[in-house]
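S.K.: Starting from the known structure of chain A, fit chain B onto it as the hints suggest.
Chains as they are written, first to last, in my numbering: chain A, 1 to 430; chain B, 431 to 686.
FYI, nobody ran anything at the bench for these hints, they're computed from the structure.
Don't take each hint at face value.
As the list claims (entries may be wrong) - Keeping only pairs whose Cα atoms sit at most 20 Å apart, straight-line, the calculated EDC-like set for lysine to aspartate or glutamate is:
1. Lys667/B to Asp408/A
2. Lys559/B to Asp285/A
3. Lys304/A to Asp583/B
4. Lys585/B to Asp408/A
5. Lys304/A to Asp393/A
6. Lys256/A to Asp323/A
Here the structure is a predicted model, which is why all the values come from computation and not from measurement.
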Amino acid sequence: MQQRARATASGLKPSSSRAAVQAHGAGRFAGGSAAPRSKARRNTRTAAHKAGARPGQAGRVKRAKGAGPALSSGRRAAAAKRGKRPAVLLRRRRVKRAAAMPRISSAAYQAGYRAGREDGLRVSLEHEPFRIKALNRHWMARTQAQQRGGLSWRQFNEASKGYVHGYFRARKQVPPPWVLLPTDKSVAAIVSVRNEEKTIGSVVRQLNRLPLDEVYVIVNGSTDRSFQQVRERSQACVLSFPEALGHDVGRAMGAKLAQADILLFLDGDIVIPAEALIPFIGAVDRGADLALNDIGPYLNPFAKQDQVTHMKQFLNASLGRHDLGANSLTAVPHALSRKAVETLGLPNLMVPPKAQALAVHRGLRITAPGSVNVIRGNKRRRENTGRNNQVADLIIGDHVEALKLAGDLAGERLAFVDALRQREQTGGEG
Amino acid sequence: MRILNKNHSALLRAPTSKVSVIIPVMNERKTLAAVLREVKKLKPLEIIVVANGSTDGSAAIASKSGAKVLTFDQPLGHDVGRSIGARHAAGEILLFLDGDMVIPAAQLRPYLRAVERGVDVALNRYNGKLSRSTVHPVVLAKHALNTVLGRPDLKGASLTTIPHAMSRQAAQTIGFEQLAVPPKAQAIAIQHRLKVKAVHLIQVGKLNPVRRREKGADPLGNLIVGDHLEAINWYAKATNDRGLRSDLSRNRHIVR
Chain A
1 MQQRARATAS
11 GLKPSSSRAA
21 VQAHGAGRFA
31 GGSAAPRSKA
41 RRNTRTAAHK
51 AGARPGQAGR
61 VKRAKGAGPA
71 LSSGRRAAAA
81 KRGKRPAVLL
91 RRRRVKRAAA
101 MPRISSAAYQ
111 AGYRAGREDG
121 LRVSLEHEPF
131 RIKALNRHWM
141 ARTQAQQRGG
151 LSWRQFNEAS
161 KGYVHGYFRA
171 RKQVPPPWVL
181 LPTDKSVAAI
191 VSVRNEEKTI
201 GSVVRQLNRL
211 PLDEVYVIVN
221 GSTDRSFQQV
231 RERSQACVLS
241 FPEALGHDVG
251 RAMGAKLAQA
261 DILLFLDGDI
271 VIPAEALIPF
281 IGAVDRGADL
291 ALNDIGPYLN
301 PFAKQDQVTH
311 MKQFLNASLG
321 RHDLGANSLT
331 AVPHALSRKA
341 VETLGLPNLM
351 VPPKAQALAV
361 HRGLRITAPG
371 SVNVIRGNKR
381 RRENTGRNNQ
391 VADLIIGDHV
401 EALKLAGDLA
411 GERLAFVDAL
421 RQREQTGGEG
Chain B
431 MRILNKNHSA
441 LLRAPTSKVS
451 VIIPVMNERK
461 TLAAVLREVK
471 KLKPLEIIVV
481 ANGSTDGSAA
491 IASKSGAKVL
501 TFDQPLGHDV
511 GRSIGARHAA
521 GEILLFLDGD
531 MVIPAAQLRP
541 YLRAVERGVD
551 VALNRYNGKL
561 SRSTVHPVVL
571 AKHALNTVLG
581 RPDLKGASLT
591 TIPHAMSRQA
601 AQTIGFEQLA
611 VPPKAQAIAI
621 QHRLKVKAVH
631 LIQVGKLNPV
641 RRREKGADPL
651 GNLIVGDHLE
661 AINWYAKATN
671 DRGLRSDLSR
681 NRHIVR
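Chain A extracted, bound-state conformation (with noise of 0.2 Å):
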């Protein structure tokens, strides 16, 4: 019960997440007595850095094998078919494997650590109202200060998570998982939710490591206690309706809401740790208008992909943007600014292709800073599975849609203008 206790002051809540169950299994090794106590801390602090440690890789093309959620529950299935007896020895296994964790020792993260321990020498967040914006604004601070700027993703948040244990060490008190933000800029999430309790707990608790400003969860055509999972644990606005708002409404809804500088959009059926959206707000904050999920690396060869990836595509080649791949404001995460949100105006966020278009056709700055795999964590439904795919028959209509507006505000050939064709020869008007 101590334990619990323990790691729940960690900010790790112990029902789910792995960190969690590893800083549960770091706990009991360690026993009761003081020395192993310390231990404990720390490998509450590893188990926390390897959960952080997956998002750090976002934008390279290969990811870590074996980390995030996926794992947990692959494990979680194969305990289960197991039996019983079988769960204790993997307990143990998980016990081993989380005290054999290297400490964490990247120049970035010992940078950030030597600035929060002198931070938290320094100032007190005791009287902030809102402490982990404070922080983070001591951490915009010495960023600035040490001009940070070539720092990957990665280790920009191996240096804001030292910073934070270094900060909550100097103070003697246990770090919290937070995850620090690379803007001083107001930031929103906006989370549409359907019928996802079992997912939208982990991503709200994931949306509470942030400092964010507003968080918006829509929460639309759902029977099951998706709403009670959000505000169980979340002081975010939580907007209920109880007819479906249909695909994309919610973050429409989400961004009328939102006043932030920069807004962040998510579903409520894929996990996505705090640290993986840290490159989305990142962008947006340098420049970017719309940041994508670069969801380049998850591709299948294209004989294999779906329709729905191919009409991506053929939408992004067409407008100029065949860099841009399969990435598509369809997919989450994906972050907007200020400036975008106003250009696109909210009855084309609804359609988000053809948001898209209009944000070429206007100029905007389009990036794909990180990479999530939202392909595999996507929530299979009966209507966006199999042969009478209504999800994909939508989404490729959006993109139909898209490409209608992108001819009558450019032409309908767009930038492939036929100036060697002999029309008139042909015999016809056309």
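M.R.: Just chain B, lined up with the frame of chain A:
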């Protein structure tokens, strides 16, 4: 078993004497004679060579071999020759080829057979190179168009690709002038519920001469991508903005 029977009955049917073969030619002296030689094995009703902008004597080669030659001093631009040739054709089946690609007669027969058996537009089952995750924009465009038209089963099969055959009836339904922009013709054909089918595979990618692609700029590729955009736009106008696709329960009026 059934397939065998079908083929058999097709072979027993009247010979393919009602075929018009349409070959646009622009300075393709090197290959034209061989192309014509293979085509003649099909015993077509007529061979229509649309020589445009040719200065190398291609037209002379064609007329010497007995083809009907339509000559234009200026290049007509891509695929315009097909449209003109089709308009002049008298046969019941139109077979479209290029002057620069020699395809054995035996490989051409499946297209004619398919049209004889009731297919309106018989396409080459060629999809392009698909082994990588990203493909050439032209290949992408072909797949995307078929998807939009609700015919993902056609994959990358396209009227842009030769060889292909269609009934004269189909060409009339589509409109001869539309054949100059093949993807648009494909959209029209499918929209008019013509029977469009990918019937036989010829690896034109391997036969395609390298000279077609210049380094760096890809004017032909851009033209074809534009054609597909034109086709999708036509389709969106002929149907609706979403190409008749569902909007599911999207409540667009709840926020503005």
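S.K.: Each hint: holds or not?
M.R.: Status of the hints after comparison with the structure:
no., hint, in the structure
1, Lys667/B to Asp408/A, "holds, 11 Å"
2, Lys559/B to Asp285/A, "violated, 39 Å"
3, Lys304/A to Asp583/B, "holds, 13 Å"
4, Lys585/B to Asp408/A, "violated, 27 Å"
5, Lys304/A to Asp393/A, "holds, 18 Å"
6, Lys256/A to Asp323/A, "violated, 30 Å"
Taken one by one, the earlier hints fail for this structure at numbers 2, 4 and 6, listed in ascending order.
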